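**Student:** So the chains spell out like this:
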Amino acid sequence: KAGVTQTPRYLIKTRGQQVTLSCSPISGHRSVSWYQQTPGQGLQFLFEYFSETQRNKGNFPGRFSGRQFSNSRSEMNVSTLELGDSALYLCASSPGGTSGGLKLSEQFFGPGTRLTVL
Amino acid sequence: AQSVAQPEDQVNVAEGNPLTVKCTYSVSGNPYLFWYVQYPNRGLQFLLKYITGDNLVKGSYGFEAEFNKSQTSFHLKKPSALVSDSALYFCAVRALFTGGGNKLTFGTGTQLKVEL
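So the protein sequences, as listed, match chains A and B. Going by my numbering, the first sequence runs without a break in its numbering and finishes at 118. Going by my numbering, the second sequence runs without a break in its numbering and finishes at 234.
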């Protein structure tokens, strides 16, 4: 199976602009999660989508949003970019399932999108 | 709230020697624990996980981890380190029975440097 793919791999934007990042999960996976990685804050959970619905959300401002399509592909949008949004944005996919069930699985991460805000 | 602590920013070890990367966690209920490795300019690669069962978990590339409930620890180990093991290692926890979902809480990461 092909792994998780993220596009674009690198992106340079200026303050105030908006950006959309894309993630294609492993075939058959229904859960897509997004994480932000920065040297100062480390890896932080942004949100998770499962079957086109946001299932979990981290502590990020409303400028950060996402969505998931019927084919499980997900997009993440950041509006009104700030310098502090410069980061590696990682997407992770997993089959899904509930926390109380037996289908718990590790998440498989994509290579990330490196966003630089100037 | 759940949290993970990796007390060492960097661990240095000579090739061929055993290595240990430490991780302690805090979570309500039973934990679901992971180790991931990150090479430069790459995403995270899964190494191993603990859900339930044996306290010693074996994973990829010869790595293993020992779950200790009383000490709330999940240390990563390898009997004989390789230079190619040099990378950034992350411990993560996901609480069970949180109503569903895949929210992982990561530690700050430990840079492993294996020298000849």
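Note that these hints are calculated values from the structure, not bench results. As the structure is a prediction and not an experimental result, all values here were calculated from the model. It cannot be assumed that every hint is accurate.
Here are the computed lysine-lysine pairs in the DSBU-like style, where the Cα-Cα straight-line distance is at most 35 Å [to be verified]: (1) B:Lys176 <-> A:Lys13; (2) B:Lys195 <-> B:Lys176; (3) A:Lys57 <-> B:Lys176; (4) A:Lys57 <-> B:Lys167; (5) B:Lys187 <-> B:Lys231; (6) B:Lys195 <-> B:Lys231; (7) B:Lys195 <-> A:Lys57; (8) B:Lys187 <-> A:Lys57.
Here's a subset of chain B near chain A, in silico, CB distances under 8 Å, partners left out [what the hints assert, rightly or not]: (9) Tyr157; (10) Arg160; (11) Gly161; (12) Lys167; (13) Tyr168; (14) Leu206; (15) Thr226; (16) Gly227; (17) Gln229.
Don't be surprised by glycine CBs; every beta carbon is placed ideally from N, CA and C.
**Student:** Work down the list of hints and note, for each, if the structure agrees.
**Tutor:** Going down the list of hints, with the structure as the test:
{"no.": "1", "hint": "B:Lys176 <-> A:Lys13", "result": "violated, 43 Å"}
{"no.": "2", "hint": "B:Lys195 <-> B:Lys176", "result": "holds, 10 Å"}
{"no.": "3", "hint": "A:Lys57 <-> B:Lys176", "result": "holds, 31 Å"}
{"no.": "4", "hint": "A:Lys57 <-> B:Lys167", "result": "holds, 23 Å"}
{"no.": "5", "hint": "B:Lys187 <-> B:Lys231", "result": "holds, 28 Å"}
{"no.": "6", "hint": "B:Lys195 <-> B:Lys231", "result": "holds, 14 Å"}
{"no.": "7", "hint": "B:Lys195 <-> A:Lys57", "result": "holds, 32 Å"}
{"no.": "8", "hint": "B:Lys187 <-> A:Lys57", "result": "holds, 28 Å"}
{"no.": "9", "hint": "Tyr157", "result": "violated, 10 Å"}
{"no.": "10", "hint": "Arg160", "result": "holds, 6 Å"}
{"no.": "11", "hint": "Gly161", "result": "holds, 4 Å"}
{"no.": "12", "hint": "Lys167", "result": "holds, 5 Å"}
{"no.": "13", "hint": "Tyr168", "result": "violated, 11 Å"}
{"no.": "14", "hint": "Leu206", "result": "violated, 10 Å"}
{"no.": "15", "hint": "Thr226", "result": "holds, 5 Å"}
{"no.": "16", "hint": "Gly227", "result": "holds, 6 Å"}
{"no.": "17", "hint": "Gln229", "result": "violated, 12 Å"}
Hint compliance for this structure: hints 1, 9, 13, 14 and 17 are not met, and every other hint is.
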